[in-house]
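Using the working numbering, read the first sequence as starting at 1 and increasing by one per residue.
Hints are not guaranteed to be accurate.
[As the list claims (entries may be wrong)] Below are the EDC-like pairs computed for lysine to aspartate or glutamate, each with C-alpha atoms no more than 16 Å apart in a straight line: (1) Lys105 to Glu76; (2) Lys83 to Asp114; (3) Lys21 to Asp108; (4) Lys86 to Asp108; (5) Lys59 to Asp114; (6) Lys60 to Asp99; (7) Lys118 to Asp82; (8) Lys71 to Asp108; (9) Lys88 to Asp108; (10) Lys71 to Asp99; (11) Lys21 to Glu112.
Just so you know, these hints were derived from the structure itself, not from any lab.
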Amino acid sequence: MKYTAIGENHLFLKVYSRGKKFIGHYVAVYVLIDYKADKFMKTNPKKKRINRIGITATKKLGGAVVRNRVKRIVREAYRLYDKSHKLKTGFLIVLKVHDSAVTAKTGDVYGELDTAMKKLGMVL
RNA sequence: GAACUAAGCUGUGCAAUCGCGUGAUAGUUGAUCGAAAGAUUUUAUCAUGAGGAAAGUCCGGGCUUCGCAGGGCAGGAUAACGGAUAACGUCCGCCGAAGGCAACUUCAGGGAGAGUGCAACAGAAAUAAACCGCCGUAUUAUUAAGAUGUGGCAAGGAUGGAAAGGCGAGGUAAGAGCUCACCCCGCGCUCUGGCGACUUAGCGCGGCUGUAAACCCUAUCCGAAGCAACACCCACUUGGGAUUUGUUUGCCCGACGUAUAAUCCCACGGGUGGCACGAACGCAGCGGCAACGCUGCGUCCAGAUAGAUGAUUGCAGUCGAAAAUGCUUCGCAUUAUCGACCUGAAAAUGCUCCGCAUUUUCGGAACACAGAACCCGGCUUACAGGCUUAAUUCCACC
RNA sequence: GCGGACGUGGUGGAAUGGCAGACACGAUGGUCUUAGGAGCCAUUGGGAAACCGUGUGGGUUCAAGUCCCACCGUCCGCA
């Protein structure tokens, strides 16, 4: 399944300022209701609401190799979680990567996503 | 065998499950839009998917646009010579200088006899000259040394990074390239060798501070901007600025056309192309000392757009740590044997240490540096470990 | 992608190629006060010394914070 990514900077800022958040050890999760979800639903041929996700890794973490690697790990953890659990749809989700996630494995991030999603009430 | 020098190669592999980008094929007994053509998306299968530096952006080029008739100035870059190349500040060869026993390495390596500037402190004096000093002479005084004035000199002293060649002889009142011999350095001419830088030998002239990575001079080269360039399509029409002549590449010469009240310029969204056949790669042969070039055959090898290679394991390799086992050099102890006046010879067993090999266990993503973004040629920087080739010096043996 | 600036004591920030650390803040000690503050005075880069010190490494120069080259880091501008 393909994931629609957030590209616009103003959306990131909106989610940071207004969204519900959970700060974890490896990642910080920000969630906000997507107002354009219905619009996307019309264009989407499957006629489904979808979550748009954005993963941020700052320059502090390291070079391009490290940043790409961390983003891959976080994306893989989200993919596995989305596959095994049923999540609410029609949201903007921003995952902010912390320093400790550089040496983390997918399983660690998966466990943290579990607690985060339950706390934020995203699990159906 | 050790040390050192130079050049080059490599940059974990295989398998399973889930997943991602791109391309091809198939499916409407997948979906949406559409009258249809078709478009978007999805599913399945197959193929394919980061580097030697992809990095830094330090040079050079292709490509594209700007207005390409042309010239100059400003600005920038380079600096022995010959070649390679699309081009270069790169590379190869060679010359000179410096370093190293040597292999070899390093060098912004033109001009200070065109001009201007600068050289702190010290020192008498810093690009010209006299503090102490040496010598002649006048005056004065005296036993004498001396003191003062005047003239000559640059040998000696002290300072400094640098004080106007070095050393010896002649010469002189004292001295001085003032003269001479030898040596050093620079320039010019002729000659030997070389395409050339340069070099060999000789003759003549000269003895000049350093600094051009200070300004500068000489020679050669460079129009500017960049794929967010640029072209096309769709949507939307809004905002900002300039001007009395206007436009054009920093400026000037020059060139060209336009308008008489409006004219001109700039900017903002999305998509497609640009964009993967190229100064391409591999192999072989030929030419060249080499950089490199030519010919033939074969191959098609990433094109993302918040940015695709990952995750979970298993096996193998490598690295590190720990343990066990085996082998071995040296050392120590014990025992027996042989020989002898004495030093001794040689074997077995045990212990210790070092090294090597094998096995087991463990490990921070253990296994570096690091991720294409229009494309090439270089340079520079980062890099765990492994491998290869060539050369030099030293040691040992034959 | 293009192109520009800056790294100096604990901090800010000076310094024509010529004795490195002006000046200010801070810190420490002294003075004054019953005590504290303010004021005044002194010290303040490291090291026992030699010497080493201007982000790092080279070079030019008699001499480099300054000039040149290559790196490292920080910050800014244009699109």
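Comparing the hints with the structure gives:
no.: 1; hint: Lys105 to Glu76; result: holds, 10 Å
no.: 2; hint: Lys83 to Asp114; result: holds, 12 Å
no.: 3; hint: Lys21 to Asp108; result: violated, 19 Å
no.: 4; hint: Lys86 to Asp108; result: violated, 20 Å
no.: 5; hint: Lys59 to Asp114; result: violated, 27 Å
no.: 6; hint: Lys60 to Asp99; result: holds, 8 Å
no.: 7; hint: Lys118 to Asp82; result: holds, 13 Å
no.: 8; hint: Lys71 to Asp108; result: holds, 14 Å
no.: 9; hint: Lys88 to Asp108; result: violated, 23 Å
no.: 10; hint: Lys71 to Asp99; result: holds, 12 Å
no.: 11; hint: Lys21 to Glu112; result: holds, 13 Å
Consistency note: the structure conflicts with the earlier hints numbered 3, 4, 5 and 9.
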